[in-house]
Each structure stands twice: as structure tokens, then as C-alpha cells.
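Asker: Each chain, written out:
2 protein chains.
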Amino acid sequence: MIRRTLQSIRRVGLCCLPLVTILTVRPVAAEELPVNWAVYGGNSEHNSNYTISQGAAAEALNRGVSWQFAEEGALPLDLGDGKDADVLGPRSAPVKTTQFLGNAVGVTVVGDTVFAESDAGFVYALDAVTGRLRWRAPVDNAAMGNPIVVDGRVFVGSGDTGFPFSQVMRAMAGETGPLVRGLSWAGVYAFDAKDGKQLWRFGTRGEDMPSQCYSDGALYFANGDGHFYSLDPATGKANWITDIGGFDSMSSCLVVDGKVVAGFTDPNNLVAVDTKTGAIAQRTDFPNVANTGMGDNSPTFERKDHEIIQVAVTQTAKGTQGDTVDLAVFAVDPVSGVVRWKTLLGDGPIPPAFKASVAMTHDGVIYVSDPATNTLSALSGNDGSVRWKSSIPHTYPTGLGRGAVTYHEGVIYQATGAYIYAWDAQTGKLRHELKVGGRLGIINPVIVGQTMFLANSWGWIMALPLSEVDGQMQRRVSLHPQ
Amino acid sequence: MIRRTLQSIRRVGLCCLPLVTILTVRPVAAEELPVNWAVYGGNSEHNSNYTISQGAAAEALNRGVSWQFAEEGALPLDLGDGKDADVLGPRSAPVKTTQFLGNAVGVTVVGDTVFAESDAGFVYALDAVTGRLRWRAPVDNAAMGNPIVVDGRVFVGSGDTGFPFSQVMRAMAGETGPLVRGLSWAGVYAFDAKDGKQLWRFGTRGEDMPSQCYSDGALYFANGDGHFYSLDPATGKANWITDIGGFDSMSSCLVVDGKVVAGFTDPNNLVAVDTKTGAIAQRTDFPNVANTGMGDNSPTFERKDHEIIQVAVTQTAKGTQGDTVDLAVFAVDPVSGVVRWKTLLGDGPIPPAFKASVAMTHDGVIYVSDPATNTLSALSGNDGSVRWKSSIPHTYPTGLGRGAVTYHEGVIYQATGAYIYAWDAQTGKLRHELKVGGRLGIINPVIVGQTMFLANSWGWIMALPLSEVDGQMQRRVSLHPQ
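These protein sequence lines map, in sequence, to chains A and B. Every position in the first sequence, counted from 1, becomes a number in our numbering once 23 is added. Every position in the second sequence, counted from 1, becomes a number in our numbering once 23 is added.
These aren't lab readings, by the way, just hints derived from the structure by calculation. Incorrect hints may appear among the rest.
In this list, chains with the same sequence are indistinguishable; a pair is considered to hold if it fits within one copy or across any two.
[Unchecked claim] Subject to a maximum C-alpha distance of 27 Å in a straight line, what follows is the list of computed BS3-like cross-link-like pairs (lysine-lysine):
| # | residue 1 | residue 2 |
| --- | --- | --- |
| 1 | Lys220 | Lys327 |
| 2 | Lys452 | Lys106 |
| 3 | Lys220 | Lys260 |
| 4 | Lys106 | Lys220 |
| 5 | Lys260 | Lys217 |
| 6 | Lys327 | Lys412 |
| 7 | Lys260 | Lys106 |
| 8 | Lys106 | Lys365 |
| 9 | Lys106 | Lys327 |
| 10 | Lys260 | Lys299 |
| 11 | Lys458 | Lys217 |
| 12 | Lys299 | Lys365 |
| 13 | Lys327 | Lys452 |
| 14 | Lys365 | Lys327 |
| 15 | Lys452 | Lys365 |
| 16 | Lys412 | Lys106 |
| 17 | Lys365 | Lys220 |
| 18 | Lys458 | Lys412 |
| 19 | Lys220 | Lys299 |
| 20 | Lys458 | Lys220 |
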């Protein structure tokens, strides 16, 4: 029924790559795959690049493995770009598949297991080497995050993007006060990592779409009812609950300097809360943000300059009625909450659901895509100056590059649309592109050894050898369906 | 896992029923179970009371059969009133189960098959005699209606109650123009009644929660994007599409005098459209309606007085900010669209989702419940005068009696909350009550011969012998789980 077809591979000619690029690559040693996946992307830089030297899967993942796993309801990968609308109905189908069918963001890898959350209401645990299903657990609504795995427990949030009519009525009546996002059920779940047995569920009024973060014995999250929560990971009981106001759509939290940080909409604030007490430490107000352009994007830590990078879709000179938005990258001081610098990446059409992108930082450089202009940029963490900016080929109408990219040995890997791109980290030159089909939504590629793990919004979880993803390397493993 | 437990039976003492009631009962012959189920409830009076003299199931259904079928995700029936909140989270759980889990409205019976739509995204076909599953077909969102079955095809709509943030933003900005209801996918499906094979799907921008209606070779429906549609039942191609404005939440259509009629919100109109051309024939404006109180309720035809009965939740003197609403029953002339009379049933707390109720008419009398005051009334179709009004026992906090009742041989059967009630149609005296557990949401009992068919919002489809439902009769079949 589901055709497991990976599309034909296109290679960028080697002739186009200047020799100097290869000479100036400075491979920086990646860290070992952590035993706990405590934050979205696996680390606060959202650079999901890991070595693996221990465990049963190490040898295979260092060689590079290839498999494709079709989740329940998966669409054929060779349906064609944007053709999900033909199957799923006329209304903004790309947004709907992102929100209701497959995987909104990327996967989690711990030990020899790949964990993924599906918008169709399931959590999957697969064998990282073979792609075989270990377990599947149901949740009560879409699961849009990156599973957090700590001490043998898998944490997953559920929720949806909707508003009930009562919220529309309030807005029509001009009433003030925070909106609550989330139509159907919502909660944060804990499962046993071994067998998927549900350990507890913590229900909330608003949606719990953002990923949680774990630090020092507590699980944190912000959500659609405008609160920050701290839970005991063992029992699911609340340590504290703090009313922030507004709502967090998809801004996954981060712990920096003893404060847990996430973005909120209405008002558009980056909020930092004391991890121990739940007291609001600071609120950074971002002016001119469009729609949910703030609470829809996860903050990133830039370690070298010790700052928080937040991306937001902002209004252009045309104002809220305009058809274009500008993408703003902000650097925020974690101690004071003051904005250090702001860089605008340029006007372009409104991305799907007003989502900006998630920045990735590595060695003082910020790699950030702009889904309004379909570009990828490298910014200096020091002052936000643009080092290079490249256009992403094979544009959808708009909305490419919403997920974080991954830095690995001088190469930036990007999964967006139907393609995986390999860019030179120094120059921004395209090294290679690989068409895998389907639609890679807000996906960050996870690299472990010589294997890349992905999930897409058409309901697929995949492993690919890096040798396939970057044509510079020798092809070692077949990409054809198993 | 699911405990199939029917709760203990409570009987109302015979001593309380005056002899005169029994003497004045006028049994009116019910019609034979139709070969096509062309409208919500099976007929325009929404009185789902049928005899059965032909077909394989006739003998068993005339004796009375008993079975309970648990759908996917069904909650235990003995969980306790309102306890679904404990399982499903803190946010208005009764509304959520109604909208996302089990069966929003009642079942359809054609031949020896029971058809039911589930909010969990499935259509079920069961053997009417044994309750055994014949087939189950998936749809892409909640299915909240009453399957329409004509010429071997089963028609089902999908959708949800949500609004995307863009609609909230428009309301906040004070923009005018019709709202569109529906967050995720929506469409009308046709399945083969024999095996559940999907024949076609017609996708729409807004939700398709109301039931369709069939007349003279065409399938009609109104929906969340504020249009009336006429489709070819064989192909799913549109005959015509008419832009009405506003949105229809759960107002299932009705064909009267060559016009198809349904209720809309924003503005609160009962709209009649020419079945052949799609031209708007008339619009009746209902003033003072609260929230979705209009487009959430299906109109009913009152044959004796040749009028359309529409129920709506209206504002009280306290206005929109009040905690109470009044339930209004309107009689509308089908030719002119003019309101002939209006009866207010009294103030009470706001019912879940602002839903009023669906009226049932029989022999010039309108039987209508008021979920604001938890009462059942009989009104004269001629002038709307109240013949009797009775309080429904075992109140939920609010919201009883949202579904249509059923008239059978001088008895009014009502399925609401955890109970089935039998009322004397002449006097409104309670004859009997039977606790079945779970939550009967907007359910109309379907009576075929001596068997009652129900579905509930906790995910159950059931058959019960009438002898069990009305303690006046001798108990013949065990109610205990099979």
C-alpha cells in the first residue's frame, strides 16, 4: 500500500567546488552520543552531531546504516512535491500534514534506539541499526516534539494548534487577557524506554506541543495555557507552576545559567524562569513580531559568546496586512535579558504557520535558515554580522529551512522539503543534494557516527549513511528500499 | 481492558403512574424501517421509530436483542458520571469526549446493519442482531454525524470544531467577513455499504460535521466554510456550490418543499436553498442567539402544521456576559421563511458547547429538551404552547437532553447522560429509567421493532430490548455483558 521509494539521486558536479574550501575545513571533535537526551536536539546548541564509540550499535552506525520506516498513515514518498494536497484535501495541506500526520520535528537517539513523536498520536521506538519497531505507544492528540529521554524514561507532550470558538468570541468582543491554545486533549506523558509502558500523564488545559527539557532532576516545559511547569520526572507531580500569560506554541525550552527559557506569543516575550523556584527572572519583549512568529520558535544557546539566540518572524514596513515578513535573529544576554544585537535576514512570503526557524550554533557561528526567503545564513555570534548567505535550491512556494541544521566535520547538513543538502560551513557553497522525497518539515538531521537519522511530516523515519548524503564521500550503502 | 459493565437498573414505582395515562395512550402505527436512511434520524421528524416485518433481522429485532460493542479507545461504562475528566484531562472533558472520542449523535439502521460514525475517525458497520463488526473504515478527522445510507452507499462527513490562529487574529483585528470553522482535514466520504470500501472523498476547506441529507438523486450538506453543497452520490462531483456565509457547526440539513434547509452561525440564519439550482430561497434571521447556538442545532419538520422547528440557545436579559442562557423554540413557515411563533423554555446554565437540542415531532406535538434547565417539554405544533414540562432526573451539572427523543406507542424514549428514560407522551410522567453508564451525548434512540439502538460519546454502540428500557414490560433478555 505504502510505496517505500526513495527518489533518484542528483549530484552537484565536483567541478564547482573550489579547492580552498576543502583545505580550510577545520573539523571540530563532536561529543559522544549522550546517555540522556535532555533537550530538543540533544544539546542546547541544537547541533545534533555525535560520535559513538560504545554500545552494540556503534560499529554499524560508524559504518553507516540505511533503512526507512513507514508510520501509520504515511504518504508515499514519491507522491511529488506539494502533492499531499491532492490526497488530503484543498486546505493548506502542507500545514495540515505538518500538524496532523507525520513528524513535526526530528528524532531522538539514545543508545541503540531511535525515538520519534508522530502527529498522528503515537510515539515510536525503533532499533537504530535495523529500523525495526521496538514499541509504539498512543497519546491522546498530536505529538509534535522531540522525545526527551532521561534515566530510562521517555517524555512526550501532546496537543494541537486549534482554538475553540469561545476564544474567537472573546477576540471578537475585544476582550483582553491571555488566549489559550489547544482544542482537544493535551498532556505530558512518561513512558518506559524499554517497552513503551505508560508511567504517568500530566494533563493540562492548553496544548503541550513544545518539547520539554530536563535539568538537575526536574522536567520543564512551557505550553498553550501560558504556564511554565516543573515536574518530578519519576511521578509526574508538579514541583511548581508559573503563570506567564500568552501561549507557547512550539518554543521548546532550554536551561541556561539556572533559568529555564522559552518563547511566548501574546505578548511576544522570551521568558526566563528560575529552575528552583519558578519565579520569573526576566522577560525580553520582542517588538513587531507577526502572528505566532515568536512562540513558534525554539531558542538556542550560543556557548562561545554566552548568549541566547531567538529567531522570530517580524512584520515588514507593510505591516500586518502585508504579504511579506522579515526574519529577525536576536541575541539575548542570559543574565540581564537584554537584546545584544538583532539581524534582519530580509523580506519574503509568509512561511507556513508563521514559523521562523531554529538556529544552530557551533564554535561562535550561528547557522540559521530563513523560510521567508528560502536561504541559509552563517552569522557571527559576536555581532550578528552575516558571514555568508546561500539560496536553498528546489524551493517550495515558501517555507524551506524551518528546522535546525547540523554541523559535522566542516559540513552543514540541512533537511528541508524533499531534499537533504550538504553545505560547506566556511563558504556556504553547496556541496551536494540528495532527494529523498516526501516533506522534511521542521526537521534537524541527527548524526551519530556515519549515520544520519531523520523523520518527515509525511510519516517516515529514516536512517541514511553520510556517504549517501554528501556526494564527496564514497558511496557505500544502497539507498534502495529494503 | 475495557470493562463491558452495564450499571444496575433502577425502577420507578408503578404506584406513581395514574391509571388514566394508560387508558389515553394512542398508539400510532410506526413506519417500516426504510431501505434508505436519507436524513439525520431517518426521517424529517427525527423520530427514529420503525417497525420491521421483512429481512433476516426482523424476527430477532421484534423479539429484542441485547449487545454492547466497544469502539477503539472506548472508556469503561462504569467509570462514573463526569469521571472521564479524570482519565482525559482537566479541560472540559465532557465536551472533549463528545468531540473527539466516541459517537456525537446516534446510529443509522438499514436492513440488518447498524452504521455509526466515531469522533475517533472511524465509520463502523455492525450486525444489528449480534453486534459483530462487519467493517470499519477510517476517515481523516472526527466523524460526528449520522451516516446517510442510500442505494448501497454510506455517506459520512469529517471535521473538527477548531479555529486556526489566523481566524483568532482576524477577530482580534476587528475584521469582518465570514469565519471558517475547522482546524484539520475535512471532507465528505462515500463508502460501499457491503464492505466499507471507500468510493470517493470530496474535500472542503471547513469542517463537514453536520450530517448530509439525500433527496431525489442528490446529496446535500452545509459546512464549516459556510457553503451549501449538492453532490452526485455516485461520483462525488459537485452539482452546485452556494456561498452562504458564516458557518454550519452541527446543523444537519433537511429537504422541505424542494428546498434544502440548515442553520448557520455568524450570522445566525436558517437558510433554505433551492435543491435544483442552489439559489438561496430564503434566510430567516434569529435575533439574540448566543455563541454557536444556532448553527449547532438541526432543524426538524413538523408535518401536521407543515412548519420547520428550529431550537437555539439565546441570550438572557443578562446579555452575552451572563452565566445563563434561554432556550428558544421557533416555528418557521417553509414557504415564506417567516417565524410563526417562538416559545422560550426558561433560563439555565450554558450547556456544553452552547448546544441547544434537536426537536422531535409526532402527530402535531413537538417534543424538545432544554439542556439549560435539564427539562423535557411537549409543545403544541400549532402555537408553541407548552402541554407539559418535566425535569430530567440525575442531572449532570448541565447539558442533558441535547439529542432528539423517540416516540414509540405512547412512550417518549430519551437517552441522555448515563440514563435512558421512558416518559408518558401524554402527561410527561416518568415511567422508568435505566442506567447504562457512560455518557449519552446528543443521541437519539433508534427503535426498530422491539430493539433500541444507541451510541455514546464514550465509544460504545449498543442494542437493548425495549422490555429492558421500559419497566412496564416484562424483562425478557439479560442486560449483562456478553
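Asker: Compare the structure with each hint and give your call.
Answerer: Verification of the hints:
Proximity of lysine 220 and lysine 327 under a CA criterion of 27 Å is satisfied in neither setting, with 40 Å inside one chain copy and 59 Å between copies. Taking the shortest Cα distances, lysine 452 and lysine 106 never come within 27 Å of each other, neither inside one copy (30 Å) nor across copies (59 Å). Taking the shortest alpha-carbon separations for lysine 220 and lysine 260, only the intra-copy value of 18 Å comes in at or below 27 Å, while the best inter-copy value is 46 Å. For a Cα distance limit of 27 Å, the shortest separation of lysine 106 from lysine 220 across copies, 23 Å, qualifies, whereas the shortest one inside one copy, 37 Å, does not.
Taking the shortest Cα distances, lysine 260 and lysine 217 sit within 27 Å of each other inside one copy (22 Å), while across copies they are farther apart (50 Å). Only within a single protomer do lysine 327 and lysine 412 lie at most 27 Å apart by alpha-carbon distance; the minimum there is 21 Å, versus 75 Å between protomers. Taking the shortest alpha-carbon separations for lysine 260 and lysine 106, only the inter-copy value of 20 Å comes in at or below 27 Å, while the best intra-copy value is 44 Å. Taking the closest pair of Cα atoms, lysine 106 and lysine 365 never come within 27 Å of each other, the shortest separation being 37 Å inside a single copy and 51 Å across copies.
Taking the shortest alpha-carbon separations for lysine 106 and lysine 327, neither the intra-copy value of 43 Å nor the inter-copy value of 52 Å comes in at or below 27 Å. For the homomeric pair lysine 260 and lysine 299, the shortest alpha-carbon distance inside one copy (15 Å) is at most 27 Å, but the shortest distance between copies (61 Å) is not. For the identical chains of this complex, lysine 458 and lysine 217 are neighbours neither inside a copy (34 Å) nor across copies (42 Å), given an alpha-carbon limit of 27 Å. In the homo-oligomer, the alpha carbons of lysine 299 and lysine 365 never lie at most 27 Å apart, since the shortest distance is 30 Å inside one protomer and 60 Å across protomers.
Taking identical chains as interchangeable, the C-alpha atoms of lysine 327 and lysine 452 lie at most 27 Å apart only when both belong to the same chain, with a minimum of 24 Å there against 79 Å between chains. Within a single copy, lysine 365 and lysine 327 get their C-alpha atoms as close as 18 Å, which meets the 27 Å cut-off; across copies the closest is 73 Å, which misses it. Only within a single protomer do lysine 452 and lysine 365 lie at most 27 Å apart by alpha-carbon distance; the minimum there is 25 Å, versus 73 Å between protomers. In this homomeric assembly, lysine 412 and lysine 106 never come within 27 Å of each other (Cα to Cα): the closest approach is 29 Å inside a single copy and 56 Å across copies.
In this assembly of identical chains, lysine 365 and lysine 220 lie within 27 Å of each other by CA distance neither inside one copy nor across copies; the values are 45 Å within and 56 Å between. Taking the closest pair of Cα atoms, lysine 458 and lysine 412 come within 27 Å of each other only inside a single copy of the chain (22 Å); across copies the shortest separation is 68 Å, beyond that limit. With identical chains, the CA atoms of lysine 220 and lysine 299 are never at most 27 Å apart, being 29 Å at best within one copy and 56 Å at best between copies. In the homo-oligomer, the alpha carbons of lysine 458 and lysine 220 never lie at most 27 Å apart, since the shortest distance is 36 Å inside one protomer and 34 Å across protomers.
Violated hints for the displayed structure, listed by number in ascending order: 1, 2, 8, 9, 11, 12, 16, 17, 19 and 20.
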